[in-house]
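As they're listed, the protein sequences go chains A and B. When we follow the numbering used here, the leftmost residue of the first sequence carries the number 95, and every step to the right adds one. When we follow the numbering used here, the leftmost residue of the second sequence carries the number 3, and every step to the right adds one.
Note that these hints are calculated values from the structure, not bench results. Each hint should be verified, as a subset may be incorrect.
Unchecked claim - Distance condition first, Cα-Cα at most 27 Å in a straight line; then the derived DSSO-like pairs of lysine-lysine:
{"#": "1", "chain 1": "A", "residue 1": "K321", "chain 2": "B", "residue 2": "K261"}
{"#": "2", "chain 1": "A", "residue 1": "K613", "chain 2": "A", "residue 2": "K542"}
{"#": "3", "chain 1": "A", "residue 1": "K312", "chain 2": "A", "residue 2": "K345"}
{"#": "4", "chain 1": "B", "residue 1": "K71", "chain 2": "A", "residue 2": "K345"}
{"#": "5", "chain 1": "B", "residue 1": "K71", "chain 2": "B", "residue 2": "K134"}
{"#": "6", "chain 1": "A", "residue 1": "K636", "chain 2": "A", "residue 2": "K517"}
Given the structure is predicted, the values throughout are model-derived calculations rather than measurements.
Below, each chain spelled out in residue letters.
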Amino acid sequence: MYNDTSENEARIRRNWNVLIFLTGAFILFLVILFQLFSLQYIHYEENFQRSENNRLRRIELIADRGYIYDRNGNVLVRNRPSYQIALQALEMPKKKADRDSVFRRLLDIRDSTGTRLFDSLSLDTAFQRIRWVKTRPVRILEDATMEQVAVIEEHSTELPGVSVIIESRREYPYGTLASHVLGYTSEISEEQLKLPEYATYSQGDRIGQKGLEQEYDKEFRGTNGLKLVEVNASGREVRTLSDVGALIEPKPGLHMVSTIDLKLQKVAEAAIPDTARGALVAIDPRNGEILAMVSSPRLDPNIFSLKRRERNKGWAHVALDTLRPLNNRAIAGIYPPASVFKLVTAGAGLENGIISETKYYPRSCIGGYQYGARFQKCWGVHGNLNVVHALRLSCDVYFYQAGLEIDMARINEFARRFGYGEKLLGVDIPGERAGWLPDSASFNQRNKRLGWRWARGLILNLAIGQGQMVTPLQQAVFVGSLATNKGVYRPHFMKELRDAQGNVVRRFEPEIIRSGTMKPETHRVLMNAMDSVVNHPGGTGKRGAVPGIRVGGKTGSGEWKKGQKTHAWFASVAPLDDPQIAVAVVLEAAGGGGSMAAPIARKVMMAFFGKEEDK
Amino acid sequence: MSSGRFLDKSLKFDWFFIGVTIALMTCGVSLVYSATVNEEIVVYDSLWFRQIIYFVSGIAIAVGLIFVKIDWLKRAAVPSYVIALVMLVFVLFFAGDVKGAGRWIDLKIIKLQPSEFAKIAYLIIISYWLSKHPVSLFKLKSFAVPLGLFIVPFALVLKQPDLSTALVFTAITLVGFFFAGLTFTDMFLILSPVLSVLFSHSQSMVFQVLWGVLICLVVLSVIRRHLSKKLSGVIIATNILAGYASTMVWNMLAPHQQKRVNTFLDPMSDPLGDGYQVLQSLTAIGSGGVGGKGFGNGSQTNLSFLPEEHTDFIFSVLGEQFGFVGCAAVLGLFALFLWRASSICKTNDDPFVTLLTMGACTIFLFHITVNIAMTIGLMPVTGLPLPFLSYGGSFALVCMFLVGLLMCLRYQGSK
């Protein structure tokens, strides 16, 4: 309590202070009232005029989206101008009758062939929309032709509120080529706007979807500019207020030089018909650069740049297709690795000293292998083999016995070393799916619902690659790093990012993501085996051979459903002494890997090494 | 005005005060309605409907607060202050990557803004301390604890960065000092260095003369108050230093930094950013004229020229649709509100009640003046909302909490 003054004095002082406070507040309110008076009474006329007629508009200047080039400088993705005819709510006549006359005039406009530019239904929807979409233009004709633009411009005086907007849209000059890698652009969706990673985006932005367009969207889009313009009553720009610093130039986005080789990609695309379901990955194992990637069936990303109706038609076509053309099978398709995985089983055995080049198993291949009460079949009758021969002929019986002896833990460890497994490879396009290497724990956990339990007999299947899940990208990475023996590099598409002037802004630094090395002896034996698969007259992959180049490879025929043809696999790498390219091909339900997939890999190899196809 | 039945000091409820508050809330909901009404959105999802929900829950809080004993408030002072600080530290370090700056704690159901909570917690603790320990310029040690209490939340909020909220804390503190022993002259002396900076910054003759007058006044006041020689010297020196240093520091700033300060002080120099909003706001208010364009007829606001018309720029909606008359009426309501609120301290002799009441009034007055001054171009653009009128859940609840606090002081304090 205040002791120095009496109660009453304190009360009087307090009341004075409250009075001072209230007086202060009163003075502040008077100042505000004075300013309001000045605005609303003294300067009323000019403010009213400004609000009625001439208005300032803040117009966003969209930055040019960066292009995508292939590794040799060919344009894969570029921009094209696109003319939009739109309604601007702010410039529309205020009276309903006037608006209706604009509506009727628009409906009457015909081009030289006499067809109407607009139909009444979509025009009506647009006129409804501008009642609440005030700040953004509402498109009534997307992607208009030059002729349509000319017709509208001709009538511009009698069409207040109707304007032509020039936008830039994405163009993919090679159509479906590498469509899964490049992705496409479209207007940002409501769902995306709510996500935190799209916090800096706003409604109406065109953003990259899928592929490189999505992954590097922030780099491609640049920074939008802004300008302040004064418009007259019918919405035409009178002047740009750049003299008062009201202009921010847009900063164009970065261009990307990708690792894709257009020539190789074209060959690869031609080798896999669009009717086939499958994928192809060609990668440089020395640094992880992906030279070509095909996923079939394809989609044409150009449809997303078209006008709404055609876009919807195209979208419905790809989205409802049972062959799922939207899936990038090269990174998101998971298949059993099939006999290609025998390289892993063999490698694990050699690395751990359990098998060697001179080791033969007691049971020879008589067309199958008796395991307990079960007779596990082999695809042929091969007799007694060592590891190199067993790989060349892809004999299952040898690997049944080897697998049982080596055990799953060692096999999976060796597989993980070279990129297989549940961990993503981290390729720089979205949508990559993880593989699966089953062992007793993960098998039981995964099949808990079905009530399946791990049994030792499962090793028989797993040793020959039936039961694991891998992506085509993993297969390519695997054979490539197996041949280099120098580590697994992160597969990637981005080589360089360049600014508009062509200066390199960012470069992808090769990055080792798995150890990917083995003993020289193991390497030697595996290389011999891969060599003989392709170059030995009896090898299963002899159709993958390239004259003059030492190609190594491994075929695979993955069983996936009884009574169906197998998935055809072929993974190859060349030249074996100094690997420069690794190719993995999968064709769904196409048959044997040696006959179906190997010729496709061969075509890519031929193109890579500049060999002519002899007819 | 005769002391009618409603203004009777012995009444436990100030019905006049409650009436003014409800009138202000009604204005707020109708303005939010007219600024955001949209055919696309269903009623229960619309902003004006949400605003009603915020106010209703706010009223529930206020009614609940009436039954809180004043002693309980005193006891809650320290814990709530500590909780507020912990929350401020939390947002500073753990929430902050997402858009909207690091000011929110997301509790899934509602988003909490710790700086709003801190305003109330700080108000209670500073009132509690100052009611026990009055301050005096002759006993400089008496400032140590209150300044310590002040500087921690101030710095944390400033770091967010939220300058305008940090200034709210400053205003609470200054008014607290005023009601805890400092005289009018003392307040002038404390604020004089700020005035020095303001006056000496401009090179114009008028301001130079004004600054001279200010220094003379400072010297006179110091002599009149018989302050110690040391303190007098410090105050005069600070004034002179502030005057010269501000110019020197200004000249040392890089041009782009000068530009940034200039755009803050004068938004018109950046017509693409804040200036655009102020320009549109001025046009909207000015085009309202004396009588306004009528409810729902604002061409500026209805055409969505103002990006934040329903939050920070709600006053321009009022100005356009109801003109000078409407603005004056709302200002009058605010004045009545402050008058009835401040009269609560006359019902009780406890200095804690006085300090709490006047602190709450300060929070309201600061928000009202800064926000309106911003929309009519008298002050830089800051993010302070207008009490009862601006859309926003967190702030609506804070306002209603303060109203509840005031009602509680009246109800519990009167015999």
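Broken hints, numbered, in rising order? Of the numbered hints given earlier, those the structure breaks are 2, 4, 6, listed in rising order.
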